[in-house]
Amino acid sequence: MLYGLSAEQDMIAQTVRSFVEKEIYPHEELVERTGEVPNEIAQHIKEKTLELGFYACNFPESVGCAGLSHVDFALVERELGRGSMALNHFFGRPQNILMACEGDQIDRYLMPAVRGERMDALAMTEPGAGSDIRGMKCSAQRDGGDWVVNGSKHFISGADHADFFIVFIATGEDQTDKGPKKRITAFLVDRGTPGFSVRDGYKSVSHRGYKNMILEFDDCRLPQAQVLGEVDGGFEVMNTWLYATRITVATMSVGRARRVFDYALHYAAEREQFGQKIGKFQGVSFQLADMITEIDAADLLTLAAADRLDKALPANREIASAKLYASEMLARVTDAAIQIHGGMGLMSDYPLERFWRDARVERIWDGTSEIQRHIISRDLLRALGA
Amino acid sequence: MKVLVPVKRVIDYNVKVRVKADGSGVDLANVKMSMNPFDEIAVEQAIRLKEAGQADEVVAVSIGVKQNQETLRTALAMGADRAILVVATEDVHADIEPLAVAKILKAVIDEEQPGIVLAGKQAIDNDMNATGQMLAALTGWSQATFVSELDIQGDSALVTREVDGGLQTIKVSMPTIVTVDLRLNEPRYASLPNIMKAKKKPMDEKTPADLGVDIAPRLTIVSTGEPEARAAGIKVGSVDELVEKLKEVGAV
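Chains A and Y are the protein sequences, given in the same order.
Following this note's numbering, the numbering of the first sequence begins with 2 at its first residue and continues without gaps.
Following this note's numbering, the numbering of the second sequence begins with 7 at its first residue and continues without gaps.
Incorrect hints may have been included.
[Unchecked claim] A few chain A positions that, by computed beta-carbon distances, are all more than 12 Å from chain Y:
| # | residue |
| --- | --- |
| 1 | Glu24 |
| 2 | Gly68 |
| 3 | Ile107 |
| 4 | Asp133 |
| 5 | Asp297 |
| 6 | Ala337 |
[Said to hold, decoys possible] Straight-line Cα separation of at most 30 Å, DSSO-like style, residue types lysine-lysine; simulated pairs:
| # | chain 1 | residue 1 | chain 2 | residue 2 |
| --- | --- | --- | --- | --- |
| 7 | Y | Lys206 | A | Lys49 |
| 8 | Y | Lys203 | A | Lys23 |
| 9 | A | Lys278 | Y | Lys26 |
| 10 | A | Lys23 | Y | Lys212 |
| 11 | Y | Lys38 | A | Lys278 |
| 12 | Y | Lys203 | A | Lys312 |
| 13 | A | Lys312 | Y | Lys207 |
| 14 | A | Lys281 | Y | Lys22 |
| 15 | Y | Lys26 | A | Lys49 |
| 16 | Y | Lys203 | Y | Lys56 |
The set of hints was computed from the structure by calculation and includes no laboratory data.
Owing to the predicted nature of the structure, the values given are computational and were not obtained by experimental measurement.
Built from N, CA and C at the ideal position, the CB exists for glycine as well.
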């Protein structure tokens, strides 16, 4: 598959790309300036996505969705990566972890989410628990048949628009040789649950309008029925479903890099200095050559990782490599694009400075570059007993 | 009623075209190709007729190279029911002339018996704007060109045409050949279920010989050139100077 996409895959990518160009690009400047997505624009994007059958296309046919393969879905997200994250949030892609819903959770959470009736957000990170997720302090105590939750979460993307949340909460502690280790459980939490509140987070340099929020739990009582998966099984639920978010970061980085590259390429072909197009200078043209080579490499690496998931092969290391390489590639490509544009590249009248700022977070969220390097090297060394 | 929609594979409108070194035409090797935008509008209109219950089948036909099946798949993904591919050449640079295309379409019409043909008013590659008119002559059907509104009323259709001076409304008898203009509609995106279904929809493959049509070229391209580069302008300091300069070059 790696060396050629099928006609359908090509058409899927083309369709999403033209959707992004026509439905997302025109609103980007407004979102960038105000830091908000007006509700009518959000609803319009959501309705169009539903109408086209792309809403929740990462979900299987058994729940009435398109059931795209990992490669197909990576192509969808690659093209979405070209556009504003704040806006394409409404090109709904609910967390596939919702497939872990059971019993009446299916009708309360899973189905409304894939139909676009309720939006979800995922909450793991805390001020004291970033890469070290087991360091979380947000905890739930059993009280009769219920759980009582206290603590907070931050950096919660999409929480401003979410109707419910998938929250990872500590439900106990085991003593191990390496010290105490938290047991973690995933909970479904509705907006408006007493003792649970959502408030504004920090102002981020990356992805304006795609807000990060703070969740607070103050003696928030959750019935047992709100547990997603097994009690203390949070890590299993995470490992079964959350690998995909790293592919998302990788493939969106590729899409955005391609958009940035087009700006750089055209600028190099048009801008004149010293009596010739700047693209004639090897100082510029060789940068372009390096940029496109890295973009193509990241694209193939990412699709190859997705293809391994489709073939049910071990992919943890490959996904980490794709996330690491693609996000770092995007940093280099956006930086080089600014260099080619010179001073104009830094002006807000032009979108280059935005892509450069937005690129920064890709090396941090969904597992920092350092965590990815740890995963990759551990995978290789463990096999040798090191 | 069956609707026949001819679709042409052309160089994508976003691509900056380059003239081949020998001046024989535009370089199409490894260039992004897409459905002619006017044909996309025709496909959209055909699907709308079907959705409105005025048509029961939409058949897309494309004439050219084997790769035209991609163009037809796009039409199928938008909602056409089946496709006919007429492979007329192996050379991506060979352009089948309007008269040959019209003759092939006439043969397809004889087989398919559509109630209407919806075509783009012209292809954006060579801007011939001739196939629809020639097809009307060959079939003896009525024709409505440059159409921005279409209202089928039984055995006739009320049609608004975009003409130089404004809008003209005419009534044509059915069956008819309609060539569509930019403002008729805004083509839809292919939906994901339709993209997945497109592969399963039937696509017949034929050759001009199967249809008894001779496509030998009748026109000769003498040369193809880039548009002349615009000469640099000058800045003037005042209205008087502007008038003086305009007089100098004989513009006023």
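A quick look at each hint next to the structure:
Not every beta carbon of chain Y lies more than 12 Å from that of Glu24 of chain A, the smallest distance being close to 9 Å; the non-interface claim is violated. Listed as a non-interface residue, Gly68 of chain A fails to keep its Cβ farther than 12 Å from every Cβ of chain Y; the least gap is roughly 9 Å. Listed as outside the interface, Ile107 of chain A is consistent with that label: its C-beta sits roughly 22 Å from the nearest C-beta of chain Y, beyond the 12 Å cut-off. In this structure Asp133 of chain A is separated from chain Y by more than 12 Å, as the shortest Cβ-Cβ distance comes to about 39 Å.
With a least beta-carbon separation of about 15 Å from chain Y, Asp297 of chain A lies farther than 12 Å from that chain, consistent with its non-interface assignment. For Ala337 of chain A, the non-interface assignment is confirmed: its Cβ lies about 23 Å from the closest Cβ of chain Y, beyond the 12 Å cut-off. Restraint check for Lys206 of chain Y and Lys49 of chain A: satisfied, since their Cα atoms lie roughly 25 Å apart, inside the 30 Å limit. Distance restraint check for Lys203 of chain Y and Lys23 of chain A: the Cα-Cα separation of roughly 24 Å lies within the 30 Å cut-off, and the hinted pair is therefore satisfied.
Between Lys278 of chain A and Lys26 of chain Y the alpha-carbon distance is near 22 Å, which keeps this suggested pair within the 30 Å criterion. Using a Cα cut-off of 30 Å, the hinted pair Lys23 of chain A and Lys212 of chain Y is violated, with the two alpha carbons roughly 36 Å apart. Between Lys38 of chain Y and Lys278 of chain A the CA atoms are separated by roughly 25 Å; this keeps the pair inside 30 Å, and the hint holds. For a cut-off of 30 Å, the pair hint linking Lys203 of chain Y to Lys312 of chain A stands: about 23 Å separates their Cα positions.
For the given pair, Lys312 of chain A sits about 27 Å from Lys207 of chain Y by alpha-carbon distance, which is consistent with the 30 Å threshold. With a C-alpha separation of about 19 Å, the suggested pair Lys281 of chain A and Lys22 of chain Y falls inside the 30 Å cut-off, and the hint holds. For the proposed pair Lys26 of chain Y and Lys49 of chain A, the alpha carbon gap of about 41 Å is over 30 Å, so the pair is violated. A hinted pair counts as satisfied when its Cα atoms are at most 30 Å apart, and Lys203 of chain Y with Lys56 of chain Y qualifies at roughly 18 Å.
Hints 1, 2, 10 and 15 from the earlier list are contradicted by this structure; the remaining hints agree with it.
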